[in-house]
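Visitor: Protein chains in written order, with our numbering: chain Z, 14 to 425; chain F, 14 to 425; chain B, 14 to 425; chain C, 14 to 425.
These are calculated hints, taken from the structure and not from any lab test.
None of these values were measured; they are calculated from a predicted model.
Take these hints with a grain of salt, some might be off.
Treat identical chains as interchangeable: a pair holds within one or across any two.
Stated by the list, open to error - With a straight-line Cα cutoff of 20 Å, these simulated EDC-like cross-link-like pairs (lysine to aspartate or glutamate) come out:
| id | residue 1 | residue 2 |
| --- | --- | --- |
| 1 | Lys380 | Asp216 |
| 2 | Lys189 | Asp209 |
| 3 | Lys189 | Asp362 |
| 4 | Lys380 | Glu254 |
| 5 | Lys380 | Glu94 |
| 6 | Lys189 | Glu267 |
| 7 | Lys380 | Glu83 |
| 8 | Lys189 | Asp124 |
| 9 | Lys380 | Asp51 |
| 10 | Lys189 | Asp135 |
| 11 | Lys189 | Asp26 |
| 12 | Lys189 | Asp51 |
| 13 | Lys189 | Asp309 |
| 14 | Lys189 | Asp307 |
4 protein chains.
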Amino acid sequence: MSIAVPGLQQAYDEVRHYSLALAAPLSAEDQSVQSMPDASPTKWHLAHTTWFFETVVLGAHVPGYRPFDERYAYLFNSYYEALGPRHARPHRGLLTRPSSQEVRAYRRYVDEAMSALLDTADAELLARVEPLVTLGLHHEQQHQELILTDILHAFSCNPLMPAYHCAHVEAVSKPKRAQPIEWLRQTGGIVGIGHDGNGFVFDNEGPRHEYLLRSYDIAHRLVTCGDYAAFIADGGYARPELWLSDGWAAVQREGWTAPIYWIGDERGECGERVEREGDGNWRVFGLSGLQALDADSPVSNLSFYEAAAYAEWAGARLPTEFEWEAAFDTPGIEQMTGHVWQWTRSSYDPYPGFRPLPGVAAEYNGKFMVGQQVLRGGSSATPPGHTRRTYRNFFPPAARWQLTGVRLVRDN
Amino acid sequence: MSIAVPGLQQAYDEVRHYSLALAAPLSAEDQSVQSMPDASPTKWHLAHTTWFFETVVLGAHVPGYRPFDERYAYLFNSYYEALGPRHARPHRGLLTRPSSQEVRAYRRYVDEAMSALLDTADAELLARVEPLVTLGLHHEQQHQELILTDILHAFSCNPLMPAYHCAHVEAVSKPKRAQPIEWLRQTGGIVGIGHDGNGFVFDNEGPRHEYLLRSYDIAHRLVTCGDYAAFIADGGYARPELWLSDGWAAVQREGWTAPIYWIGDERGECGERVEREGDGNWRVFGLSGLQALDADSPVSNLSFYEAAAYAEWAGARLPTEFEWEAAFDTPGIEQMTGHVWQWTRSSYDPYPGFRPLPGVAAEYNGKFMVGQQVLRGGSSATPPGHTRRTYRNFFPPAARWQLTGVRLVRDN
Amino acid sequence: MSIAVPGLQQAYDEVRHYSLALAAPLSAEDQSVQSMPDASPTKWHLAHTTWFFETVVLGAHVPGYRPFDERYAYLFNSYYEALGPRHARPHRGLLTRPSSQEVRAYRRYVDEAMSALLDTADAELLARVEPLVTLGLHHEQQHQELILTDILHAFSCNPLMPAYHCAHVEAVSKPKRAQPIEWLRQTGGIVGIGHDGNGFVFDNEGPRHEYLLRSYDIAHRLVTCGDYAAFIADGGYARPELWLSDGWAAVQREGWTAPIYWIGDERGECGERVEREGDGNWRVFGLSGLQALDADSPVSNLSFYEAAAYAEWAGARLPTEFEWEAAFDTPGIEQMTGHVWQWTRSSYDPYPGFRPLPGVAAEYNGKFMVGQQVLRGGSSATPPGHTRRTYRNFFPPAARWQLTGVRLVRDN
Amino acid sequence: MSIAVPGLQQAYDEVRHYSLALAAPLSAEDQSVQSMPDASPTKWHLAHTTWFFETVVLGAHVPGYRPFDERYAYLFNSYYEALGPRHARPHRGLLTRPSSQEVRAYRRYVDEAMSALLDTADAELLARVEPLVTLGLHHEQQHQELILTDILHAFSCNPLMPAYHCAHVEAVSKPKRAQPIEWLRQTGGIVGIGHDGNGFVFDNEGPRHEYLLRSYDIAHRLVTCGDYAAFIADGGYARPELWLSDGWAAVQREGWTAPIYWIGDERGECGERVEREGDGNWRVFGLSGLQALDADSPVSNLSFYEAAAYAEWAGARLPTEFEWEAAFDTPGIEQMTGHVWQWTRSSYDPYPGFRPLPGVAAEYNGKFMVGQQVLRGGSSATPPGHTRRTYRNFFPPAARWQLTGVRLVRDN
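Pulled out of the complex, with its shape left as it was, chain Z reads as follows (with noise of 0.2 Å):
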């Protein structure tokens, strides 16, 4: 959906309302688990996405505000430390209280104080505060994605390997077979990088600037599944020279012989153990649970060093991000969104010129930028709308358990 000043009501209630939906198939038990400290159980990211708008805009923009909870401020803060103190990340799945129940009171009683202020708000105070709803609501849809994310990993660890099951999350059509790829010609040059100017933009797609490109083909597709099952097959977790050093010390550190989610004959735990049970014989679990291998379907939660290995495997390399962003709208182009985000070559940094919005939302983007590689596109876990070609997500290099794939592109 797309966000915007008029129909900023709107916009509210239809995200808030869409974080719910995709609650909705979970049971309360499955809304209290964490399974790992980067993930969060359900229940927090509805807590914490509720709490963003108390304290952003309401504590901040409505006098005499009081808050639902002033423990919940100590409770589902995530990483500001301008806010104040908080709640270890690690033991977020120890707060069996609030329950669900009362998670969903305070959301309530929060969306009940935002509507009342966006109804009754005169336009100094809404040109003040609407940047912040805004926010606001691409911050939840981001928070969306992980409830999805962070479930699917909860799920995995579970002999009994539940699926989720949500009509708001539709499956992905069954892909066409898959053609060979096709290497789309790019001339390079100088191009304009970052967002130039329209709609909301997150503060690291900016300033947009000049880049100086050389000439690279990119693959019309995705990596998909069958392929990544042939490098498997040729040994590619075996072979060290394929590897980039510290992947190669993950590799042997946590016995992978496979992405996290794909089972071969011995049924692993938390992704930890999966063996391979020979070519053509793997099932992949996700959120419609345990399904045979789809040949054509885009390989999907990989690591930056499994996505490094692959492409040297096969020849190539991964684009960088300028390049990704460059060849965006490259007649004949596919699957640049919606099925997984594309692992790049760069490292998130910041674009020259950056500096990061001003109070709260600092603390947003910036300080996470050493340690990370950017992601470009979307997932089919993406909420409708959130993403854009300037968009850079971006997770460790061994972050196995989002919707992460590769697309290759090659010198010429």
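Assemble the complex: chain Z is given as a structure, and chains F, B and C must be docked to it using the hints.
Guide: Coordinates of chains F, B and C only, in the frame set by chain Z:
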């Protein structure tokens, strides 16, 4: 309650019902959480005790018995190597499925099969299963205590500090004012130790044997919170000469400055960062929530290290388990059961001539006989009728989440 | 050697010289290495034992004594809380300075001061220092054994597998062919345990007290390498029913498949990755380097867990320390000292009425009385004259780097 | 020194001799110690650089060459997967054998074989081996710097705080009084980056390519200790808003309050527990031992996190590696090499079109291109002639044991 053959069905019903009653005040989320590897979710306790009957009684002795769900054998085995592989203990909190409802259905399924068995078994079969059923009931009673101590720990990790309320766990009546310790003279000599043959006991309580004791004095009452507060006020946690070497290492490594559930000025999480507030101003977290310290109540939730350091400070010592047992019926002695488990200065070693039970039950006690200390007595969380004079409870010396306290002895 | 007042200076010279003789075959590098936190460098042992005399004798009893280097009090205190802060144990291997030469100069400086003291002290002063000097000499003898066991561990971590050679540590003569175990009947009853008053003993050997024993049979000899190889060949390391729970956890966590210094096909480092080669083909690493397994030699370097599992497999059990001591003079019993320390089934608890020594020596034994198992006897690395019938050695149950083996007993 | 074919033997002799000269002030113990997994013993550096020549040159190109000791291939391989298994990096300090003497004999043996090769090789063979010999010499120069930084770390862990003294490492002359920073205007535009074809370079310095820069100002000098002390005095280590998220996490987890080798009142070990003494009273540990802080010297031994926080505090930023390289010849710019390596705001990513060297050298640089930051310039420990304008050094952002500092830039 007493458990015996004639009333076996009634005993079964009562014990099984009591578990559910203990869980009743807890939400589905509460019943699913695991706050540390040593603790387990309520739901897991409810299922594991059921699995015990299903596996040891029904599966082994009812031809054609079909398990409720074959996958549960993996999920709910605790530590029985002879019964096959099992879900890793630290991951019990990840089992959002089966749900609390499904676990209750599992209990009903097994309860019905058990009733049918007890109803229809001939004398020969009954003679075979009766010891196993009885063992299973005592086993379930042990887990009833753990349901309470484990949820108390989980709640202590929640900054909201919720209280557990349950009509079945009556508040211990407000203790009378603690009197000065009266030292009860014990003459020593050769005493009989261990089970004497009547009624159910665990294998570790035998064989009964003679033991030679020196004379000693035993305190007529337990150490109180007021006593222990004086130890803290006297610098007890800062004086290495009072502590065993491993205890002092724990004090420094973990930052212990008070019992795990004593709260001073600064609220700690999971009992890790408790600060002392100054003498007389302590609050104590328990099943009734956070309460002002009651100086006359027995101090609880001490590790063996803390118990031993207190005894050293008090110019006394901890009793051996033999001294404790020999003094059980001394006139004037109080609080021997029903308040807190009492740490002894005895390592958990086998009695002379000890052999484990045959079959599956062999793993019940014997294999844990190293690295643990014996506790005697019983706590306010111990189910009625469960403990006795010869009962040998055991925990590692650093354990602080059980209801564990101190009775002093001294040489004379 | 015997240590007594009349020959105190001579005893001092002999013990001090023996330490240097043990270090003589080692290079400066060898003397400086620390292979794990439990072990210490040779150079540290040489300095620490010197610090003991400097602090406990010279500093406390010689007016105007000036320490060799005031900073050594921090570097070479081991665990005496009462004597101030100290260098962290795991970092002893980082002390490339002071050099081996400087440590030897330190020893000479202290030895000269000690000689001057013993030469000039009047009877009153001599009466005060003699017990401390004697304690210091027995303390140094304990470290002499550690010099050997610690360097053996360090060398086992080196793929070059160097041999230690020292004329002062004579190879144990080739054992005669091991005879079948003869079971020596012990009648039990009330026996006297602990020190009886003559000669030096550590405080943990008293007070002497009576102990009531059942009758039992004790093996006339130690378990041999051949015996233990049969246990391995019979799947001893793969059968959980033979192991204590903590022991089985160690087997799985550490990947134990044989004693730490037994080497099969694959060379392991630090004893971590030893593979078995098949029956009869083991090599054993020791102070003489890597040697073919001698089936008649006592098995050594076992943890308590391995010792207990072996005894279970053999249909016998480990003796209590009381049983061991009571059988010491049994006609026909062999190998009670001088081969390997013998694990007992007794936790290291205080004797009835035990009180630590006064003063600094209070920290010598008592504070370690939890979480450890008693060993009796003495090994081929124990200095001549150091051990005795009542001697109580102790180590944690997982320790494998000491010369530790097994003698069996059985109920009768 | 310059390394070229005509003078290859002379260059070989000079580089190899310089390594020994650096080791000369160190005792055998000093040369054997490893203070953390990231650092290596001097002796290991001396042997590993020798192994490089033996394996890459002699073993591969001299028919019938017999290695000095076949076991050294396992001991002294650093990270070359293609060259087989190797000794685990964290255990290098356990190698008391081979001794320092044996390592010197190893060096002589290889040096003689190298001389014979260079003396007798025909033009064809010389053409093949020359690039490998040259690579080996630059490789050894890199380890020469590590010999100094690693022993400095080891000495910092010793409470005696010994000083390294070596005539070959001349004290940097007392810096002149630092002038206020002069900002040198850079116009940006398309600049050439990377190696331009003359002389030896590492593969990561190419291919040369064009890069589009904005205009910026660069500081004419490095940040000094005096500058950095002002940052500390202004609460720099207590203000999360100045830090990257991972940096702030390191500050809190590690307790950083000053650079690793700055010492306040309390002496820390291994730089872990350094306390600040108050402004103007710092001492700094270095190769000359502990010295009063020199406010005019470039600050050194900063992590990237500290460098970035300082820049944020100073209202400036770190240069990208492209900005740094483009400004190299700016008139008036000082201290570009020879003082400290300068952290850049560039992740260590491959240049466009980068391909690793063929053969064994493929593992030299490329496989480390993730998770590291580029450093430019060179330090006082960098061997003469080793570094250059296009040189790309790299370390993880938390590394503090290298001679690493800061030059500021700012947007204009």
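Visitor: Take the hints in turn and mark each one as holding or not.
Guide: Against the structure, the hints come out as follows:
For a Cα distance limit of 20 Å, the shortest separation of lysine 380 from aspartate 216 inside one copy, 12 Å, qualifies, whereas the shortest one across copies, 32 Å, does not. In this homomeric assembly, lysine 189 and aspartate 209 never come within 20 Å of each other (Cα to Cα): the closest approach is 34 Å inside a single copy and 48 Å across copies. When the C-alpha separation of lysine 189 and aspartate 362 is checked against a cutoff of 20 Å, the pair qualifies neither within a copy, at 37 Å, nor between copies, at 36 Å. Only between protomers do lysine 380 and glutamate 254 lie at most 20 Å apart by alpha-carbon distance; the minimum there is 9 Å, versus 34 Å within a single protomer.
For a Cα distance limit of 20 Å, the shortest separation of lysine 380 from glutamate 94 inside one copy, 11 Å, qualifies, whereas the shortest one across copies, 35 Å, does not. For the identical chains of this complex, lysine 189 and glutamate 267 are neighbours neither inside a copy (34 Å) nor across copies (49 Å), given an alpha-carbon limit of 20 Å. Taking CA atoms no more than 20 Å apart as the test, lysine 380 paired with glutamate 83 passes in neither setting, with 27 Å inside one copy and 47 Å between copies. When the C-alpha separation of lysine 189 and aspartate 124 is checked against a cutoff of 20 Å, the pair qualifies neither within a copy, at 42 Å, nor between copies, at 52 Å.
For the homomeric pair lysine 380 and aspartate 51, the shortest alpha-carbon distance inside one copy (17 Å) is at most 20 Å, but the shortest distance between copies (26 Å) is not. Within a single copy, lysine 189 and aspartate 135 get their C-alpha atoms no closer than 52 Å, and across copies no closer than 62 Å, so neither meets the 20 Å cut-off. Taking identical chains as interchangeable, the C-alpha atoms of lysine 189 and aspartate 26 are never at most 20 Å apart, the minima being 35 Å within one chain and 59 Å between chains. For the homomeric pair lysine 189 and aspartate 51, neither the shortest alpha-carbon distance inside one copy (34 Å) nor that between copies (50 Å) is at most 20 Å.
Proximity of lysine 189 to aspartate 309 under the C-alpha cut-off of 20 Å is restricted to the intra-copy arrangement: shortest distance 7 Å within a copy versus 68 Å between copies. For the identical chains of this complex, lysine 189 and aspartate 307 are intra-copy neighbours only, at 11 Å inside a copy versus 69 Å across copies, given an alpha-carbon limit of 20 Å.
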